[in-house]
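The listed protein sequences derive, respectively, from chains Y and E. Count the first sequence with the working numbering and you get residues 1 to 115, in order. Count the second sequence with the working numbering and you get residues 116 to 228, in order.
The reader is advised that the hints may include incorrect statements.
[Claimed, not checked] Chain Y side only, calculated, beta carbon under 7 Å to chain E, not exhaustive: (1) Gln8; (2) Met45; (3) Tyr54; (4) Ala100; (5) Lys102; (6) Gly108.
In case anyone wonders, no lab produced these hints; they're calculated from the structure. Just so you know, even glycine gets a beta-carbon here, dropped at the ideal spot from N, CA and C.
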Amino acid sequence: AQTVTQSQPEMSVQEAETVTLSCTYDTSENNYYLFWYKQPPSRQMILVIRQEAYKQQNATENRFSVNFQKAAKSFSLKISDSQLGDTAMYFCAFGPSQGAQKLVFGQGTRLTINP
Amino acid sequence: GAVVSQHPSWVICKSGTSVKIECRSLDFQATTMFWYRQFPKQSLMLMATSNEGSKATYEQGVEKDKFLINHASLTLSTLTVTSAHPEDSSFYICSARPGYGYTFGSGTRLTVV
Numbered sequence: 001a002q003t004v005t006q007s008q009p010e011m012s013v014q015e016a017e018t019v020t021l022s023c024t025y026d027t028s029e030n031n032y033y034l035f036w037y038k039q040p041p042s043r044q045m046i047l048v049i050r051q052e053a054y055k056q057q058n059a060t061e062n063r064f065s066v067n068f069q070k071a072a073k074s075f076s077l078k079i080s081d082s083q084l085g086d087t088a089m090y091f092c093a094f095g096p097s098q099g100a101q102k103l104v105f106g107q108g109t110r111l112t113i114n115p
Numbered sequence: 116g117a118v119v120s121q122h123p124s125w126v127i128c129k130s131g132t133s134v135k136i137e138c139r140s141l142d143f144q145a146t147t148m149f150w151y152r153q154f155p156k157q158s159l160m161l162m163a164t165s166n167e168g169s170k171a172t173y174e175q176g177v178e179k180d181k182f183l184i185n186h187a188s189l190t191l192s193t194l195t196v197t198s199a200h201p202e203d204s205s206f207y208i209c210s211a212r213p214g215y216g217y218t219f220g221s222g223t224r225l226t227v228v
């Protein structure tokens, strides 16, 4: 069974700083997807970024980028030029390569961006 | 993009009554729907997986008779909390996988008084 671990329950940085959220996972599969979701106070789950395991290139979406280390089973999220609107819970999640199978979530990291 | 519409957004009910939560896939067919429960400041906990036209698969520890799931069509899955009690108060979210990604409903905040 897959597991996802986020070891940072809470983080806090100043606006405009760069912050990195950690995530490790365990799986015996070779192909899969990894996701970072943001959950603001509205509690709507918002996809931040997605990485396909067979792609070596790290995914990037504007200010958000990942450091995907497949051998180490590590998937960290870097937020550059952090903004007040980035304040939210962030969840790392593991998904199978295909099929209607569940996402496995980490415990979450509560990120606060201070003005 | 694929959208899952979840209703109601919030509901308050009296102890002992039943509450139904609906999730509709608006622009795709959801053969499978995942139902999660989330306590404050915690992660999403999978309760059950529903499949269109068949019985739901419940996670260990989830009461099947309390949390009734119906997935009668490719666009509608429902979760009914039967004989609700204050300890059932929580945030419930549904999710489907229309492609390689997952899409989530907006969630339902249930308060049982």
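Lysine 102(Y) as chain E interface residue, shortest Cβ-Cβ below 7 Å = At 6 Å from the nearest chain E Cβ, lysine 102(Y) passes the 7 Å test, so the hint holds.
Given glycine 108(Y) as an interface hint, is the shortest Cβ-Cβ distance to chain E below 7 Å?
-> 5 Å, holds
Identify whether the interface hint at methionine 45(Y) stands, where standing means a beta carbon of chain E within less than 7 Å of its own.
-> Hint on methionine 45(Y): holds, closest Cβ of chain E at ~4 Å, below 7 Å.
Return the status of the interface hint for glutamine 8(Y): holds when the least beta-carbon distance to chain E is below 7 Å, violated otherwise.
-> 13 Å, violated
Mind checking the CB of alanine 100(Y) against every CB in chain E and telling me if the closest is under 7 Å?
-> 4 Å, holds
Hold the hint about tyrosine 54(Y) up to the distance rule: shortest CB distance to chain E must be less than 7 Å.
-> 12 Å, violated
Checked against the numbered hints listed earlier, the structure breaks hints 1, 3; every other hint is satisfied.
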